[in-house]
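Undergrad: Residues per chain are reported as follows:
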Amino acid sequence: MHILLVEDDVELAGSLLGQFREQGYQVEHCADGDSGLASACRGEYQVIVLDRMLPRLDGLRLVRELRSRGVATPVIYLTTMSGIDDRVQGLEAGGDDYLVKPFAFAELLARVRVLSRRPANANEAAIRLTLGSIELDLLKRTVVRAGKHIDLLPQEFRLLEYFARNPDRMLTKRMLLENVWGIHFDPQTSVVESHISRLRAKINQGFEGDVIQTVRGTGYKFLAPH
Amino acid sequence: MRPTRVLKSESFRSAALFATLFLILSWVLLGVVYWIVDDTQKSALVGSIDADINTIRNGYREKGLAEAIEVVHQRLGSGEYSGADLPGGYILLRDTASGSLAGNLQRPENFRLGLFKFSVPRLHQHDSTVNVLGRGVYIADGVYLFVGRDTGQIAVTRMRILKAFAWIEAVAMIFAGLGGIFFSVQFMRRIDAIARTCQAIIAGRFSDRIPLRGSGDELDGLAIAINNMLDRISTLLDNLRQVSSDVAHDLRTPLTHLRNRLEEARQKSVTAEDYAAVVARAIEDTDHLLVIFAALLRISQVESGSRLSAFSALSLSELLERIYEMYLPVAEDQHQVLLQDIQPGVRIRGDGELLTQMFSNLIENAIRHGPSGARILIRLAVAGNSADASVEDNGPGIPADERDKVFRRFYRLTGSRSTPGNGLGLALVSAIANLHHAKIELRDNRPGLQVLTGFDVV
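Residue numbers (the working numbering), protein chains in the order written: chain A, 804 to 1029; chain B, 2 to 459.
Hint data in this document are derived by calculation from the structure and do not stem from the laboratory. Backbone N, C-alpha and C define an ideal beta-carbon position, used for all residues, glycine too. Incorrect hints may have been included.
Claimed, not checked - Which residues of chain A face chain B? A few of them, derived with a C-beta cut under 8 Å, are:
#1 S885
#2 G886
#3 I887
#4 D888
#5 L956
#6 D989
#7 P990
#8 V994
#9 S997
#10 R1001
#11 A1004
#12 Q1008
To be verified - Chain A residues, not near chain B, derived (Cβ > 12 Å throughout):
#13 S838
#14 G846
#15 L941
#16 A967
#17 V1018
Work out the full structure, taking the sequences as your base and the hints as a guide.
TA: Written out as C-alpha cells, the structure reads:
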C-alpha cells in the first residue's frame, strides 16, 4: 500500500516513515504544502497523512485544492489544533479523519488501515451487511447469526455495524467512541469496554469462540465467523 | 472645560441646529402674520374710503353739487380726516364745468382713477410726507372725487409686529444658547467620566468602572454595557492568569514524577525488563499529562465563548437519553443502578458536543465516586420556561463548605487526592454551563449529591 506523508517536522516524519515501512507500507514524504499537493495529484496513493500546519500551503487549503481537482484519496490530518472548530473545519475542507498530536502510532496505523479500504467499500448505502454467518439488516436494525435472532440495544447495534463495516481491522477505543457514539473526548470510565462486553456476550452466546478480539492496550478486531 | 470644546460638542451643535431651524420657522410665521394683518388693515381702509365715496356720491345725486361739497366739509371736520386722530384722511372734489373745488388736497394727481397710492406733505407738518392710499372716481360727468387715507397706521402695526417678534426671538435664542451650553456641559462631563475610566484601565487600574448616575437614561445604559464588557474582559484575563499559574503548578507535579522515574531508571535499572517497565510507566505519565492539557485547553476554549457560533436548537431529552444508554452498562459493571426520568421533547439552544461532555462528566463523577450499590438518577423536567436537568446520586456527596470551590480548576476534595482524577471535570462542567447561560447548583441529596442545571427552553 502507498502512503503519502506530508509533514514538516523532520523528527516526527523520520519516526513515522520508519514505523510505516516496518509495517510493510511504501511511504513517500514531502516536507511542505506545495510539493505535497504536487505529489498528491501525481501519485497513486491509498491514503494521505497530512500535517495541518505546513510551510507554503497549509493543510486545509491543500485538501480543498486536492478535492477541487477531483482527487478523492482519503486524507487524515495530524495536528496540534485540538479545538472542536478546528476538527469541524478540517473535515469540512474535505478531510476524512482527524488525529491530534501527540498520538500513539498504533492509533494512526489503525485509522490509515480503515481509510485505505474506503474507496473499495462502495456499498456504504447497502441495507444488508453479511459477515460469515452474521447478517445485519440495516433498515430493520436486526441481527441474525446462523439463523438465530439476536436482540441488541440501539447502541450495541451501531457498535456491531461499525465492526461489520470494518472486519479484520484493528479499531481503537477512540475510533469506536468517535464513530459509534460521536464522542471526541476521553471518558474517564470504561464506556467502550462495558458495551463491548455486552455485545460480545449477546453475539457469542451459544457459539464457539469469540468474534470480537481484544488487542491489549490498542483496541478491538472483529473476526467474521464461519 | 474649555469653551471651544463645548461649542464643538455634538450636543451643542444639535442645539444650535434646532435653534436655527426654530428661527427660520418663526420667520415664516412672521411673514404669514405680517401679510394677514397688512391685508386686513388695507381692506378696512379701502372699506371706509368706499363708504365715504358712496356718501358723497349719494349727496350729489340727491341734492346736487352743493350738497356734495357740504358732505365733504362735514367729513373733513370729523376727527377721522382732521388728523386729530391719526392717521388723517384726504378728500378732493372737483367739478370740471364750474371749476369749483372742495377738499384738503392741493394736487389732484392728474385725476387718476381706481385704487392708488401716492405721497403728500403731512397735514400739519409740511416738512415731511405721508403715504396716502385712496380711490379716484367720477361721481358724475365732469365731477371727480378722490378719497384717501394716511397709511401710517398700517406702518405702525407692522412695526409693532416686528418688534414683538424681535423680542421673542432674542429671548428664544438666549435660552437656546444657554440651554445648549448647559446640556453640552452635562453631557460632556459624563462622556469625560467614561473617557477617564478608559484611561485608568489603559494605565493598568483594571478594576475601575464607569460611575452611574442611576437615571436609567441612554448614557447610563451605555455605561452599564461598557462596565459589563469590562467585567467580562477582566474575568477572561483572570482566567488566563489562573490557567497560566495552574499549568505552572499542577503540571509540575506529574512532570517531576516522570523525571524522577526516568532518572531512577538510569541509575538503577539493569535488565531490559526493568527498562521496559519504566518506559511503560513513563508513557502512562505522559498520557496523564496530555489528558490534563486537553482538559485545560477545552476549558479555556469553552470560556472564550467562541463556540457560541455553533449553537443550534437541539433536543435535550434525546441527548440525555443517549447518555443514559451510554452509561447504563458502565454503572451496571460497577454494581450501581443508573435510572432516568427524562421528559420527552424538551428542546434548548446549545452545543450538542459540549452538552454531551458536560452531562457525561457529571454522570462519570457519580459513577466513579459512588460506592457499589449506589443509585444514580438522570432527571429532566420543564418548569415554567426552564429545562431543569439534574444528575442525582446517593454517593458520598460534597461537604457544604466545599460546594462552591469544586468548580475551580484543579480543586480536589479534601481527602480525595489519592483517588484518580485531575480536578478539571467540574471546572469544565461549570464553563459549559456558563457558556449556555445555564444556572448550575450543587445540593445535598441526603445522602449524596444533586447537580441541578437549568436551561432556557426554546
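Undergrad: Take the hints in turn and mark each one as holding or not.
TA: Taking the hints in turn, this is what the structure says about them:
Taking 8 Å as the C-beta contact cut-off toward chain B, the hint placing S885 of chain A at the interface holds, the least distance being around 6 Å. A distance limit of 8 Å between C-beta atoms decides the matter here; for G886 of chain A the minimum to chain B is near 5 Å, and the interface restraint holds. Proximity of I887 of chain A to chain B holds as hinted, the smallest CB-CB distance being about 6 Å (cut-off 8 Å). The beta carbon of D888 of chain A is positioned within 8 Å of a beta carbon in chain B (closest approach about 7 Å), and the interface hint is therefore held.
Interface hint at L956 of chain A: satisfied, since its Cβ lies 7 Å from the closest Cβ of chain B, which is below the 8 Å cut-off. Evaluation of the D989 of chain A hint against chain B yields a held restraint, the C-beta minimum of about 6 Å falling below 8 Å. The beta carbon of P990 of chain A is positioned within 8 Å of a beta carbon in chain B (closest approach about 6 Å), and the interface hint is therefore held. Proximity of V994 of chain A to chain B holds as hinted, the smallest CB-CB distance being about 6 Å (cut-off 8 Å).
Annotation: interface hint on S997 of chain A holds; nearest CB of chain B at approximately 4 Å, less than 8 Å. Taking 8 Å as the C-beta contact cut-off toward chain B, the hint placing R1001 of chain A at the interface holds, the least distance being around 5 Å. Interface restraint check for A1004 of chain A: the shortest CB-CB distance to chain B comes to about 10 Å, outside 8 Å, so the restraint is violated. Hint status for Q1008 of chain A relative to chain B: violated, with the closest Cβ pair at about 16 Å, above 8 Å.
Listed as a non-interface residue, S838 of chain A keeps its Cβ farther than 12 Å from every Cβ of chain B; the least gap is roughly 31 Å. Every Cβ of chain B is farther than 12 Å from the Cβ of G846 of chain A; the closest lies at roughly 33 Å, confirming the non-interface assignment. With a minimum CB-CB distance of about 19 Å to chain B, L941 of chain A clears the 12 Å threshold, and the non-interface call stands. Every CB of chain B lies more than 12 Å from the CB of A967 of chain A, the least distance being 20 Å, so the non-interface label holds.
Against the 12 Å criterion, V1018 of chain A stays outside the reach of chain B, whose nearest CB is about 16 Å from its own CB.
When held up to the earlier numbered hints, the structure conflicts with 11 and 12 and fits the remainder.
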